[in-house]
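Asks: Sequence:
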Amino acid sequence: MIAPQINSLVVAQQYDYALHQMRHNKENYGPQNELLYQLDYGMVLHLAGEYQNSVVELEKAKKIYDQLYTVSVTNQASTWLINDNKAPYRGEDFERVTINIIQALNFAVLGDFEKALVEARDVDWRLKLINQQYKEDQQNVYRQDAFARLLMGIMYEAEGSLSDLNDAYISYAKAVEAYSDGYYDVPIPLVLKENILAAAEVMGREEFDLYHEEFGDVPFISLKERAKKAEVYVIHHQGLSPVKHPVKIPIPLPNGFITQLAFPAYHQRTYEPKAGKFEATAVDSGINRFVKTEQATAIDRIAIQSLNSRKLRVIAKAALRSGAKHMAARALEAQIEEGVGETTGNAFRYVSNLYNIVSEQPDLKVRGKHCLLKFALHG
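Under numbering that gives the first Met the number 0, the residue at position 240 of the sequence shown is numbered 239, and the numbers go up by one with no gaps.
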């Protein structure tokens, strides 16, 4: 695998060489990891400043994700008896939203806010779809994305029409709600408090009073005054995503059979996010302003908690798969003993145990081998 080398190149900001390695070593991702490749490739292109190329590759990732989302029952059912590594990587819910986030940034940098807003609306639809696909007692922990809401609010606000400002206010409000609900232990960024106060002021007295009561000590510039000034948002990517590792539990069964439960877990990389510091100097007055970025999301914790929230489902699937293998092996051993003899049957049992242990492998496919995982934001 070339992942460690790509990681090092990305951290060193040697994006051209990283892209060269990815283009010429695509086969190292494996036939089941087409989505992984497109996600990583599109992200590295974005980091390299090749925004238009990033748009093209991430659109391919969208199509692959959506095709895999509707994968046939026949293909999916086969993995119950073998292992999840035989199935194509379908991606996580939050990864699909992350595509929209990066695409929105691509279009914004390219100056195409109309398409950036298309990504914003797709985020809203995608989050609704995520909430609809799970039963009430099986709700995935990833049901809302505070950072996506914040970023899309900024996109709406940039357009400036009354309708867009209303959409910006709604996005900011949903972001505040998500952060307030304990969004992966990320506090509400100051820039969100400033933005929702400014948007609420335009929406009306009732809306403004609601957020002024909560954030009344936060100074903000009205949208009218903002229109007279330049505004810069700095998006700071930090760190690498967590790595999946296998958890395997051997289980002895009656009649000398052995099976194994295997399921994935995340290993979090040791990493402490740090604020970025930026200095801006006014051309006419020469006045300097220093700002620090604030953490706006933590994709590592989103990934870990998303997997943990469905761990029981993953383990249940592994248990059913192991049980099915055991039943099939037990029936075949009985046939062999009857037809050939007990010695051959015992030999088959040994081989069967070995196969059950070797074949039961958890799905360790994970996006973001090279993708950066923390967003810090400041306006």
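Watch out, some of these pointers could steer you wrong.
With beta-carbon atoms standing in for the labels, derived distance ranges [claimed, not checked]: (1) 23 x 211: 26 to 34 Å; (2) 222 x 11: 23 to 31 Å; (3) 30 x 216: 51 to 59 Å; (4) 291 x 114: 29 to 37 Å; (5) 29 x 215: 35 to 43 Å; (6) 227 x 291: 35 to 43 Å; (7) 271 x 132: 16 to 24 Å; (8) 23 x 308: 18 to 26 Å; (9) 111 x 217: 48 to 56 Å.
Quick caveat, the hints were computed from the structure, so don't treat them as lab data.
As the structure is a prediction and not an experimental result, all values here were calculated from the model.
From the three backbone atoms N, C-alpha and C, an ideal C-beta is built for every residue, glycine too.
Asks: The structure should be examined with respect to each hint, and the outcome stated for every one.
Replies: Hints and how they fare:
1. 23 x 211: 26 to 34 Å: 56 Å, violated
2. 222 x 11: 23 to 31 Å: 41 Å, violated
3. 30 x 216: 51 to 59 Å: 56 Å Cβ-Cβ, so the 51 to 59 Å window holds.
4. 291 x 114: 29 to 37 Å: 31 Å, holds
5. 29 x 215: 35 to 43 Å: 54 Å, violated
6. 227 x 291: 35 to 43 Å: 25 Å, violated
7. 271 x 132: 16 to 24 Å: The hint (16 to 24 Å, Cβ to Cβ) is violated, given that residue 271 and residue 132 are roughly 35 Å apart.
8. 23 x 308: 18 to 26 Å: For residue 308 against residue 23, whose Cβ atoms are near 38 Å apart, the range 18 to 26 Å is violated.
9. 111 x 217: 48 to 56 Å: 32 Å, violated
Checked against the numbered hints above, the structure breaks hints 1, 2, 5, 6, 7, 8, 9 and satisfies the rest.
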